[in-house]
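The listed protein sequences derive, respectively, from chains A and B. First residue of the first sequence: 1, per our numbering; consecutive thereafter. First residue of the second sequence: 1001, per our numbering; consecutive thereafter.
Take these hints with a grain of salt, some might be off.
As the list claims (entries may be wrong) - In silico negatives: residues of chain B with every beta carbon more than 12 Å from chain A: (1) Glu-1003; (2) Lys-1023; (3) Ala-1030; (4) Pro-1033; (5) Glu-1036; (6) Asp-1054; (7) Asp-1118; (8) Lys-1125; (9) Asn-1159.
As the list claims (entries may be wrong) - Computed footprint of chain A on chain B; a stretch qualifies when at least three of its residues, placed anywhere within it, have a C-beta under 8 Å from a C-beta of chain A: (10) 1104 to 1116; (11) 1162 to 1174.
In short, the hints are calculated from the structure, not lab data. Glycine included, each C-beta is placed from N, C-alpha and C at the ideal position.
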Amino acid sequence: NPIVLDLAYNMIEFPAIENRM
Amino acid sequence: PLEDLFTTLNRHIQASAFDNVVKFTDQILAIAPDDEDALRCKVVALIKNDRVEDALSAIKSSRKQLDDFHFFKARQFPLLFCFAIEKLAAVQKPLNCRMLDGNGKKRAYCLYRQNKLDEALESLKRQERNDETMLLECQILYRLGKMDACIEIYQKLQNSKIDNMEINSVAALVMAGRSS
Ligand SMILES: [K+]
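If we strip away everything but chain A, and leave its shape as in the complex, we get (with noise of 0.2 Å):
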């Protein structure tokens, strides 16, 4: 079988958290 990718996973990120520095 394909294997898919679990290209979602990179999707998920970070918030921006310089600000709170």
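Starting from the known structure of chain A, arrange chain B with the ligand on it as the hints suggest.
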């Protein structure tokens, strides 16, 4: 103070040290239980560490503190917490779209990883459609064996700049018994 914790937290995020990200978000949340940035970072770090169950728990546990409707009215930026958002969606439709952007998506992704595919699709239906949600939808449809629907969405995504997407499109075509 919090600023120092966030500075350290950011260093761990940059280093992809996800265990440490969880550790520091817990420290922040011990001081500031309602801190959304910390909660978001925690959920993302748990997902990145393949701790899908824990990520869902973190999302669920945030429900109570975000239940307050006025809280949402005051801040019109994307929120992570889908359970609260679902509740909100029933009450206040106009605020919906932007809020859904960050969060239900993560819930849908966690459900996908748990192989709760119908629930994941259901969760995605409440999302604004964009490249990210369509990509996840494709992966879910693929697992469900709904190749025609899967291919249809992949075709819509053809012009997007998602890396490796052709691989998945071809896989779906092959599974559907079509040659590409
Ligand atoms: K997959």
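Against the structure, the hints:
1. Glu-1003: violated, 6 Å
2. Lys-1023: Per Cβ check, Lys-1023 of chain B is outside 12 Å of chain A; nearest 15 Å; holds.
3. Ala-1030: holds, 16 Å
4. Pro-1033: Pro-1033 of chain B is indeed farther than 12 Å from all Cβ atoms of chain A, at 16 Å.
5. Glu-1036: Incorrect as stated: the minimum Cβ-Cβ distance to chain A is 8 Å, not above 12 Å.
6. Asp-1054: Given a closest Cβ separation of 14 Å, the condition holds.
7. Asp-1118: holds, 17 Å
8. Lys-1125: At about 16 Å from chain A, Lys-1125 of chain B clears the 12 Å cut-off, so the statement holds.
9. Asn-1159: Label holds. Min Cβ-Cβ 16 Å, cutoff 12 Å.
10. 1104 to 1116: holds (count 4)
11. 1162 to 1174: holds (count 10)
Against the hints set out earlier in the document, violations occur for numbers 1 and 5.
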